[in-house]
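Undergrad: Sequence:
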Amino acid sequence: IGIADTYTLIGDQAKARREYFNARVLATDKMTELQDRLQSAFTYVRERDFAGADLAFQGVAQQAQHAGFAVIEAEAWRMRARVQFINTVADLTDVKGSIATKHFGFLPKKQAKPMELEYLAQAEQALKGAKAISESDRQDELAILLRERVEALAGRGRFAEAEVVLQQLATMANNSPSSAIQTAYNGAEGTVLVYQTNYNQAAAFLERDDENAFSQFRLAYARKQTGASSSVESSGIMQFNEATAEQAFLSLLNKAASDPNGVKIGPRGQ
Numbered sequence: 002i003g004i005a006d007t008y009t010l011i012g013d014q015a016k017a018r019r020e021y022f023n024a025r026v027l028a029t030d031k032m033t034e035l036q037d038r039l040q041s042a043f044t045y046v047r048e049r050d051f052a053g054a055d056l057a058f059q060g061v062a063q064q065a066q067h068a069g070f071a072v073i074e075a076e077a078w079r080m081r082a083r084v085q086f087i088n089t090v091a092d093l094t095d096v097k098g099s100i101a102t103k104h105f106g107f108l109p110k111k112q113a114k115p116m117e118l119e120y121l122a123q124a125e126q127a128l129k130g131a132k133a134i135s136e137s138d139r140q141d142e143l144a145i146l147l148r149e150r151v152e153a154l155a156g157r158g159r160f161a162e163a164e165v166v167l168q169q170l171a172t173m174a175n176n177s178p179s180s181a182i183q184t185a186y187n188g189a190e191g192t193v194l195v196y197q198t199n200y201n202q203a204a205a206f207l208e209r210d211d212e213n214a215f216s217q218f219r220l221a222y223a224r225k226q227t228g229a230s231s232s233v234e235s236s237g238i239m240q241f242n243e244a245t246a247e248q249a250f251l252s253l254l255n256k257a258a259s260d261p262n263g264v265k266i267g268p269r270g271q
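Residue numbers (this note's numbering): 2 to 271.
Accuracy of the hints is not assured; some may be wrong.
With a straight-line Cα cutoff of 30 angstroms, these simulated DSS-like cross-link-like pairs (lysine-lysine) come out [stated by the list, open to error]:
#1 K31 / K16
#2 K31 / K132
#3 K97 / K225
#4 K31 / K129
#5 K97 / K114
#6 K114 / K129
Hints listed in this document are in silico derivations from the structure and should not be mistaken for laboratory results.
Based on the provided sequences and hints, a complete structural model is requested.
TA: Set out below in structure tokens:
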């Protein structure tokens, strides 16, 4: 996997996919094979081929379901949801009013419910039906999923719905010391405030989610809007150089750090 990760981080996604494939062939268990497939799917994100990423994540979700790996299935559904609503750098900070334009041809214009919410519902169903994980792990994964749902709703300007989910996350955070739950809540709260242009309040929450690349990008953006920083480039986002989910998107954001509204990270031609 080390070789594949190296190729993907330096931008050679075709070679990375070949190495991830080789790793799958040599995998000694199904979970490792599925994790390799998941990592391979992110190479399409790095290429801005979100249609390809969508299909790849769908395949991982289906295979994980058949193999009984609910956590991997849920993650694949979450990532499939994410590629629906993170199409440009601006999508991390600005509300989009149109539903149809956020989907690369997959969503009929008359359909009221964005596809990302359907996919997140699939992820939640997978977690609720999981039998091979502890309840604490299930709650951690649920918090991560709820955060994704908050971001998807807030990014659409559906703040009333986002607040309902955010309150669910807040209750979980009040009742659990889990770092996964705490950071999920802080990141989600900060994200909503950024979308609502409440930048000063947002910064306080985003600072507590310092290991999430999206939160750190939003934090830098919020600080720039309030005059606390002169440029988004001053953020710590450049430190994220690992083959993680957020970094797959961040690899494209880095190119646009000084102009967060100027570079597209969605499918070509959009």
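Undergrad: Does each hint fit the structure? Answer for all of them.
TA: Each hint, compared with the structure:
1. K31 / K16: Cα-Cα ~23 angstroms, so holds.
2. K31 / K132: holds (17 angstroms)
3. K97 / K225: Holds - the C-alpha atoms of K225 and K97 are around 21 angstroms apart, at most 30 angstroms.
4. K31 / K129: holds (21 angstroms)
5. K97 / K114: holds (14 angstroms)
6. K114 / K129: With Cα atoms ~22 angstroms apart, K114 and K129 stay inside 30 angstroms; holds.
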